[in-house]
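Chains as they are written, first to last, in UniProt numbering: chain A, 1 to 335; chain B, 1 to 335.
Just so you know, same-sequence chains aren't split out, so a pair can sit in one copy or run between any two.
Here are the simulated EDC-like cross-link-like pairs (lysine to aspartate or glutamate), alpha carbons at most 20 Å apart as the crow flies:
| no. | residue 1 | residue 2 |
| --- | --- | --- |
| 1 | 36 | 238 |
| 2 | 129 | 15 |
| 3 | 19 | 233 |
| 4 | 129 | 9 |
| 5 | 132 | 98 |
| 6 | 36 | 234 |
| 7 | 310 | 15 |
| 8 | 132 | 97 |
| 9 | 129 | 97 |
| 10 | 129 | 110 |
| 11 | 314 | 242 |
| 12 | 36 | 158 |
| 13 | 129 | 104 |
| 14 | 314 | 244 |
| 15 | 19 | 98 |
| 16 | 310 | 262 |
| 17 | 310 | 240 |
| 18 | 19 | 234 |
| 19 | 129 | 23 |
None of these hints come from the bench; they were simulated from the model.
There are 2 protein chains.
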Amino acid sequence: MSSQQVSLEHGEGGELSHKLLREVFVSRFGHAEESKWDAARLAVPEGRIALTTDTFTLQPLFVNGCNIGKLAVAGTVNDLTVSGAVPRYLTAGFVIEEGFPVRDLVTIVDAMAAEAQKSGVRIVAGDTKIVKRGTIGGVIINTAGVGVIPPEFDLHPEAMREGDAVIVSGPIGDHAVAVLAARGELGVMTDLPSDCTSLYPMIRRVRETGAAIRFMRDPTRGGLATALVEIAEDFGAEIEIEQEAVPIRPEVEGVCEILGYDPLYFASEGKAVLIVAEADAPRVLQALRETEEGKEAAVIGRIVGRGEGKVLLKSALGSRRRVLRLQGMQLPRIC
Amino acid sequence: MSSQQVSLEHGEGGELSHKLLREVFVSRFGHAEESKWDAARLAVPEGRIALTTDTFTLQPLFVNGCNIGKLAVAGTVNDLTVSGAVPRYLTAGFVIEEGFPVRDLVTIVDAMAAEAQKSGVRIVAGDTKIVKRGTIGGVIINTAGVGVIPPEFDLHPEAMREGDAVIVSGPIGDHAVAVLAARGELGVMTDLPSDCTSLYPMIRRVRETGAAIRFMRDPTRGGLATALVEIAEDFGAEIEIEQEAVPIRPEVEGVCEILGYDPLYFASEGKAVLIVAEADAPRVLQALRETEEGKEAAVIGRIVGRGEGKVLLKSALGSRRRVLRLQGMQLPRIC
Chain A
1 MSSQQVSLEH GEGGELSHKL LREVFVSRFG HAEESKWDAA RLAVPEGRIA LTTDTFTLQP
61 LFVNGCNIGK LAVAGTVNDL TVSGAVPRYL TAGFVIEEGF PVRDLVTIVD AMAAEAQKSG
121 VRIVAGDTKI VKRGTIGGVI INTAGVGVIP PEFDLHPEAM REGDAVIVSG PIGDHAVAVL
181 AARGELGVMT DLPSDCTSLY PMIRRVRETG AAIRFMRDPT RGGLATALVE IAEDFGAEIE
241 IEQEAVPIRP EVEGVCEILG YDPLYFASEG KAVLIVAEAD APRVLQALRE TEEGKEAAVI
301 GRIVGRGEGK VLLKSALGSR RRVLRLQGMQ LPRIC
Chain B
1 MSSQQVSLEH GEGGELSHKL LREVFVSRFG HAEESKWDAA RLAVPEGRIA LTTDTFTLQP
61 LFVNGCNIGK LAVAGTVNDL TVSGAVPRYL TAGFVIEEGF PVRDLVTIVD AMAAEAQKSG
121 VRIVAGDTKI VKRGTIGGVI INTAGVGVIP PEFDLHPEAM REGDAVIVSG PIGDHAVAVL
181 AARGELGVMT DLPSDCTSLY PMIRRVRETG AAIRFMRDPT RGGLATALVE IAEDFGAEIE
241 IEQEAVPIRP EVEGVCEILG YDPLYFASEG KAVLIVAEAD APRVLQALRE TEEGKEAAVI
301 GRIVGRGEGK VLLKSALGSR RRVLRLQGMQ LPRIC
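Based on the sequences and whatever the hints tell you, model everything.
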């Protein structure tokens, strides 16, 4: 099948749909038993699950260090991970354009299977719709994810207090710059790969330290600034960030300077922001730095109070400005 | 907001995304608490869950008796229901085209909220991506669903045996004909509404009878024929259907005769196929017929053996032909 193209017939629910499902998806995701039912039937322990969804419209589909399949798995694994869950099961909903090469679809599906394996996650249910040529840029993927929240480890945003450390697990904005470069737009020329990766293995290490983690979020669409503003507003915390402490690679700084963007709004796809009890910050930092993904982790700020939710950015010279959600849009779009 | 159009800025993760999320989605789905986290955190009992996903690309978005939002909720509720689960939680992933009227989006989201309520299902997590004008026909919706499989009620396809009854909960193909009519293509003129509805309330009634249900499936894309072939092949059952016993409305028969289609391949979106122990068939039929959705339910065939999975269609004159999955496609496409 791999020399072929996806056709509208593949979306009709008949013999060709069945063949595509079996040869491309079931063989790679290994959910032969589940695919006999309209829904996968799965064991969970009593307690709480985490449930999330994200649709991926990455353009181009293949970026240095990342493709839409890898991103679709990592993105949802990460949403579960930062919500305090152990990622367990994913669903995958594909919308595929007529004429899309089956070979490219296989590359994408292989990347999904490989990325899922890193976190011990199973892709247990899927769906495929085929749409007309020239509409969606090849393929759109939705993933939804179920994780299990272990009662012995949970996040406690309500316990956030003055002095808590704000940690970021590594340099921000790599994904945004890699996408800009892959588009060949605006003269961005760089070999910087996207940071796209699954955060669960790294966060598992942090959890094993027993540190009191108040909250986590991954700074994707909207960047670090938006992630921090959301934490501040949703849980009534005043956060102060030291501008100089935020890790940013020279390539990202360079692109932002030339194009007039603020890297605080640039998406990462393999970074976590952690709010951690003051006393536990050193061991969290150490645990992060012992992993490949977290080796450039840094404390970037503190919780300075509760009440009105806001984020302040303190410059090297000591001046403070309020950080807001992204207003309007940064061009070009990268989601 | 309702006089406005969706713009690319609504997809950037910033202030406008936040506003769209809050005013259109959170206010209607009522998941304010869950939306503070990257994943909703939900209680489940110990045991098994059902997990499924489906992406909806309905065109046009509004059809007699159905819109893409109602369909997106009913479709996933139905996949959970026929898998033996009590539907509990849904996620909703929207891809919206630049320029799409917020008013239409609100109509769609209202339909989703109303449909979810019929089964007591909560929409607890969502995502929105905005794509360029003129690409996806307005909006594409993915829903994933989690249901809980009650241990005291389960399906047992392995127990299928000769004599088991095959029941369909009502006339087939209404949805396909309603979509054809809404497209104004091929001269199909009819007021027949889509049968789009959530099956859970009806199936709950059937379950309360305590009948031994072997298996259920909803005959959507690919129609009744494909649903039966999948059951036969997946669980090694020989199924014989009485052609005259399959309920089909005159409007659907008429469209198929004129256009040369086979209604057995026409999608329904509010019907269930049930395989039921022979002795329990009468009370299942009675329970179905006591509901509005199931009042035209009928026994359409029997399991005639185990082993090679196949479906036979017996005509009024007693001849038998083998029923296959849809080969190629029926034009026009209706998914």
